[in-house]
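Trainee: Generate the whole structure from the sequences, applying the supplied hints.
Number of protein chains: 6
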Amino acid sequence: MPIVEAHVLEGYAPEAKRRLVAALTDAVRFVVPAPDEAITVMLHEHAAANYARGGVTRSPAPALPDPAELVLAYLRAMEARDLATAQGMLGDGFAMVFPGTGPMTTLAELVAWAKDRYRFVTKTYEAVEAFPAGGAAVVYTRGTLAGEWPDGTAFSGIRFIDRFEVTGGLITRQDVWNDLGEVRPR
Amino acid sequence: MPIVEAHVLEGYAPEAKRRLVAALTDAVRFVVPAPDEAITVMLHEHAAANYARGGVTRSPAPALPDPAELVLAYLRAMEARDLATAQGMLGDGFAMVFPGTGPMTTLAELVAWAKDRYRFVTKTYEAVEAFPAGGAAVVYTRGTLAGEWPDGTAFSGIRFIDRFEVTGGLITRQDVWNDLGEVRPR
Amino acid sequence: MPIVEAHVLEGYAPEAKRRLVAALTDAVRFVVPAPDEAITVMLHEHAAANYARGGVTRSPAPALPDPAELVLAYLRAMEARDLATAQGMLGDGFAMVFPGTGPMTTLAELVAWAKDRYRFVTKTYEAVEAFPAGGAAVVYTRGTLAGEWPDGTAFSGIRFIDRFEVTGGLITRQDVWNDLGEVRPR
Amino acid sequence: MPIVEAHVLEGYAPEAKRRLVAALTDAVRFVVPAPDEAITVMLHEHAAANYARGGVTRSPAPALPDPAELVLAYLRAMEARDLATAQGMLGDGFAMVFPGTGPMTTLAELVAWAKDRYRFVTKTYEAVEAFPAGGAAVVYTRGTLAGEWPDGTAFSGIRFIDRFEVTGGLITRQDVWNDLGEVRPR
Amino acid sequence: MPIVEAHVLEGYAPEAKRRLVAALTDAVRFVVPAPDEAITVMLHEHAAANYARGGVTRSPAPALPDPAELVLAYLRAMEARDLATAQGMLGDGFAMVFPGTGPMTTLAELVAWAKDRYRFVTKTYEAVEAFPAGGAAVVYTRGTLAGEWPDGTAFSGIRFIDRFEVTGGLITRQDVWNDLGEVRPR
Amino acid sequence: MPIVEAHVLEGYAPEAKRRLVAALTDAVRFVVPAPDEAITVMLHEHAAANYARGGVTRSPAPALPDPAELVLAYLRAMEARDLATAQGMLGDGFAMVFPGTGPMTTLAELVAWAKDRYRFVTKTYEAVEAFPAGGAAVVYTRGTLAGEWPDGTAFSGIRFIDRFEVTGGLITRQDVWNDLGEVRPR
Numbered sequence: 001m002p003i004v005e006a007h008v009l010e011g012y013a014p015e016a017k018r019r020l021v022a023a024l025t026d027a028v029r030f031v032v033p034a035p036d037e038a039i040t041v042m043l044h045e046h047a048a049a050n051y052a053r054g055g056v057t058r059s060p061a062p063a064l065p066d067p068a069e070l071v072l073a074y075l076r077a078m079e080a081r082d083l084a085t086a087q088g089m090l091g092d093g094f095a096m097v098f099p100g101t102g103p104m105t106t107l108a109e110l111v112a113w114a115k116d117r118y119r120f121v122t123k124t125y126e127a128v129e130a131f132p133a134g135g136a137a138v139v140y141t142r143g144t145l146a147g148e149w150p151d152g153t154a155f156s157g158i159r160f161i162d163r164f165e166v167t168g169g170l171i172t173r174q175d176v177w178n179d180l181g182e183v184r185p186r
Numbered sequence: 001m002p003i004v005e006a007h008v009l010e011g012y013a014p015e016a017k018r019r020l021v022a023a024l025t026d027a028v029r030f031v032v033p034a035p036d037e038a039i040t041v042m043l044h045e046h047a048a049a050n051y052a053r054g055g056v057t058r059s060p061a062p063a064l065p066d067p068a069e070l071v072l073a074y075l076r077a078m079e080a081r082d083l084a085t086a087q088g089m090l091g092d093g094f095a096m097v098f099p100g101t102g103p104m105t106t107l108a109e110l111v112a113w114a115k116d117r118y119r120f121v122t123k124t125y126e127a128v129e130a131f132p133a134g135g136a137a138v139v140y141t142r143g144t145l146a147g148e149w150p151d152g153t154a155f156s157g158i159r160f161i162d163r164f165e166v167t168g169g170l171i172t173r174q175d176v177w178n179d180l181g182e183v184r185p186r
Numbered sequence: 001m002p003i004v005e006a007h008v009l010e011g012y013a014p015e016a017k018r019r020l021v022a023a024l025t026d027a028v029r030f031v032v033p034a035p036d037e038a039i040t041v042m043l044h045e046h047a048a049a050n051y052a053r054g055g056v057t058r059s060p061a062p063a064l065p066d067p068a069e070l071v072l073a074y075l076r077a078m079e080a081r082d083l084a085t086a087q088g089m090l091g092d093g094f095a096m097v098f099p100g101t102g103p104m105t106t107l108a109e110l111v112a113w114a115k116d117r118y119r120f121v122t123k124t125y126e127a128v129e130a131f132p133a134g135g136a137a138v139v140y141t142r143g144t145l146a147g148e149w150p151d152g153t154a155f156s157g158i159r160f161i162d163r164f165e166v167t168g169g170l171i172t173r174q175d176v177w178n179d180l181g182e183v184r185p186r
Numbered sequence: 001m002p003i004v005e006a007h008v009l010e011g012y013a014p015e016a017k018r019r020l021v022a023a024l025t026d027a028v029r030f031v032v033p034a035p036d037e038a039i040t041v042m043l044h045e046h047a048a049a050n051y052a053r054g055g056v057t058r059s060p061a062p063a064l065p066d067p068a069e070l071v072l073a074y075l076r077a078m079e080a081r082d083l084a085t086a087q088g089m090l091g092d093g094f095a096m097v098f099p100g101t102g103p104m105t106t107l108a109e110l111v112a113w114a115k116d117r118y119r120f121v122t123k124t125y126e127a128v129e130a131f132p133a134g135g136a137a138v139v140y141t142r143g144t145l146a147g148e149w150p151d152g153t154a155f156s157g158i159r160f161i162d163r164f165e166v167t168g169g170l171i172t173r174q175d176v177w178n179d180l181g182e183v184r185p186r
Numbered sequence: 001m002p003i004v005e006a007h008v009l010e011g012y013a014p015e016a017k018r019r020l021v022a023a024l025t026d027a028v029r030f031v032v033p034a035p036d037e038a039i040t041v042m043l044h045e046h047a048a049a050n051y052a053r054g055g056v057t058r059s060p061a062p063a064l065p066d067p068a069e070l071v072l073a074y075l076r077a078m079e080a081r082d083l084a085t086a087q088g089m090l091g092d093g094f095a096m097v098f099p100g101t102g103p104m105t106t107l108a109e110l111v112a113w114a115k116d117r118y119r120f121v122t123k124t125y126e127a128v129e130a131f132p133a134g135g136a137a138v139v140y141t142r143g144t145l146a147g148e149w150p151d152g153t154a155f156s157g158i159r160f161i162d163r164f165e166v167t168g169g170l171i172t173r174q175d176v177w178n179d180l181g182e183v184r185p186r
Numbered sequence: 001m002p003i004v005e006a007h008v009l010e011g012y013a014p015e016a017k018r019r020l021v022a023a024l025t026d027a028v029r030f031v032v033p034a035p036d037e038a039i040t041v042m043l044h045e046h047a048a049a050n051y052a053r054g055g056v057t058r059s060p061a062p063a064l065p066d067p068a069e070l071v072l073a074y075l076r077a078m079e080a081r082d083l084a085t086a087q088g089m090l091g092d093g094f095a096m097v098f099p100g101t102g103p104m105t106t107l108a109e110l111v112a113w114a115k116d117r118y119r120f121v122t123k124t125y126e127a128v129e130a131f132p133a134g135g136a137a138v139v140y141t142r143g144t145l146a147g148e149w150p151d152g153t154a155f156s157g158i159r160f161i162d163r164f165e166v167t168g169g170l171i172t173r174q175d176v177w178n179d180l181g182e183v184r185p186r
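Protein chains in written order, with the UniProt record's numbering: chain A, 1 to 186; chain B, 1 to 186; chain C, 1 to 186; chain D, 1 to 186; chain E, 1 to 186; chain F, 1 to 186.
No lab work stands behind these hints: they were computed from the structure.
There may be inaccurate statements among the hints.
As the list claims (entries may be wrong) - With a straight-line cut-off of 35 angstroms between C-alpha atoms, the simulated DSBU-like cross-links for lysine-lysine are:
hint : chain 1 : residue 1 : chain 2 : residue 2
1    : B       : K123      : A       : K115
2    : B       : K123      : A       : K123
3    : C       : K123      : D       : K115
4    : A       : K123      : B       : K115
5    : E       : K123      : F       : K115
6    : F       : K123      : E       : K123
7    : F       : K123      : E       : K115
8    : D       : K123      : C       : K123
9    : D       : K123      : C       : K115
Mentor: Take a look at the structure:
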């Protein structure tokens, strides 16, 4: 125990079902200290014709995209300076905060701000964590930064963590913390 | 849809059941874009005598403590310099990393390191997020720091984020990022 | 087969559960020609704390009153000329049609119309049928009428049928057919 | 809540499943005042090999025909004076009662009786209601009659209601009430 | 997997539920080579008011007695020559066959037959196996016999096996095999 | 009642499912004195992708062979003196005990012992009973023996019972009792 049974409409892709099973398993582990082999999840798939709410049959909504994949694609686009692609992944009301900045709402603002801070930066990821949180998904990425200061000297191994909120398949919030301020030349 | 049924042994406190229901609801929302009122969770509680694995009846393990509560209690103890209480909340292999430090394994190390960094610091919390992640729980706290620099001048409104791993009801890892390095006098 | 499982919140009275079981059994019989002993209904009662929609636990709404009982109480009140009690059982937009009348909306209208038709009338019930029909309940009562014509001669054994609509525990429609027109003196 | 799960053998036509879902939904609405979107019905279809009573697997009985369709087909046949077709829809022990008649058991009797009552009659339907009731289905049709009196004068807009009992796919009882007696010339 | 859910009426004693869980677990093991910790059995107990077949609620029948206990009590009574008690445990149509006998239907017959065979005999049980088999339970007891031959010499360690059929809580059949014939003096 | 639901992974052959349903039905009958038509068993088959323990999906293990079939094949091979085939059906640690022998561990031992006992023997089966018993299956075969004594005279109608233990699809134990000792010439 526990045993979790989830009834879903037929038609979700194997990957979506795999993520649902993992999320339900984790939900149990969060509260119940059962050994892994005692936590069972069963998905029951129902044909649309066999399920009704208020007497009305329903169609399955397409599964939400994996928010971790979405965030990584966004970060890759940013690192490649492909702002158009990155912009297309942002939702209404998007805002981002970087160390020492106030909220910025456009990628252009970010680029302008970063120009004086470093010539370029690349990320090495140590971990990506995606979680449900109320109606949204939260994604944390962390690892280290490498790049060049404006004066051309190199840096590397500097810790960072990014926090993203994803709603309806779009990024609506990015918060960034890192140790650049500890070490950058001033 | 979806409808989630979770079978658990009788005996969990209302608070634990509430957390389990919330975690299962969030697990569904993570993958399936159903409206809230269409996501149903039912807990089925079973008397120990009515449940067997391998023919052997089982007793319910006590619910895991809320990891968010645990982390906040730890942070309160640290802020009050009650190191003994804080130490009692740490698990085997505990390590922590702060901006500009390598891994530290004892609270004494942390106190020694911080002495040169600020006279004191207090935290204002904006959010606490706790998630299941594999066998562990992950807790993120974020908000702003206020305090005094070693020279006695005050600071405030400086962003921070802490990440904790909680296993078996004990904290095993703390990672800290903040913007102190952006602003501290050097 | 079929086996019907109904999950309801704890707290319904035995009588309400009995009516629910009967209605579910009849629903199956309506479509599936299984022998009676093969139609099984199980009610699963869930404590309010063990059931959530959208992460929110719910309280059971009080069961709807038995519409057959409501209609019979109304008819008893009418036969006893207790118009105040009968009026209290009528919902907004109530209308009634009797043989040869158009729609009447008040009991006073009915009484005025009936005065010229018979001195009094009593009903003997052969059957009362109550059914769900969309959001409303429908109740049919049928049997025979006895009473006295305006000239004082007696009549009896005259067939009638009444149809009622009940919504939210109040009568919103009454339609009456009978054979008085076949036999009454003109 | 409530959530209804019905286990049936595989093989019912979509239309039969649709009627079963509707009947189960109505059964719940009859007793529990839940909003429509909170009433969920799930059909679980089981392969015959996966279901046994007393250790014996079972085949699904063909669904019962929609009794409303059956009654309407009978009434159409009667209106078209196609007595042979109508007769084939009647079950053992069939009886019918019309205004002012005793029980008649053959359609020929009905035709003979009606001859003196009107030259012909056609029905305009306002509603057809079909309900399960114990082992039988009950169908009510109501609306208005139009036609010609024996003297050739026309009538129309005269209310009627018919009640049918349907058992095993055949009509076993018909009861008719109408307002012809209120208005027919005598 | 597999997971077995058994719905039973409330009111069975813990011992009966324990036997039911064990029998269901064994039933799975008989066909599916799952490791023990993967075979889960859940009993769902339903209040009598929450369960209906054909619309009729049901009371739980008292559990059948453990047939192994019944048979052992019978054998103890026989060994103590308490024929009255043993007789009370026999059902209609009881028959028994011992090595070299035809069917005997009364305990008196058995006693008469045994008189020439040994002065007395006692049983040491190695195992008692009770199984369901169609509507009846089958019990096998096996072990060794010790006692004295008619001439007073002792014997011991002689293998036996008894097979019993138990129906409705009474023994209806006993078959005995043993190695006495291999060794008894002739 | 009772109703048994067994959740298994998809892929078991009809014959294996039939045996599982029969074993579950018998398990119920063993404890609950319900009439046969009130004992319902439903198998729910789950696609491997829809079932996880500890977050890991599982493949169905092939069903265990019918132990009764296995034992009968072994006995046929022995009667045909096809020792190689019979040997292949024996598991590690196999032992057998016949009337008057100690434990024998090879078929060659058995053949050597039997040589002095009878020229040949054939079995007529009255019944074969197979049961789950803990992790193993137990099979009992009983009936009568016919054959020839070493001196060439014939015998027949002599009762026997064999008990087998089957683990992991191989025979690990055989115990034999019969009445040969009662009648054989000495």
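Trainee: Any hints this thing doesn't respect? Which numbers, in order?
Mentor: Hints that this structure does not satisfy do not exist here, as all of them hold.
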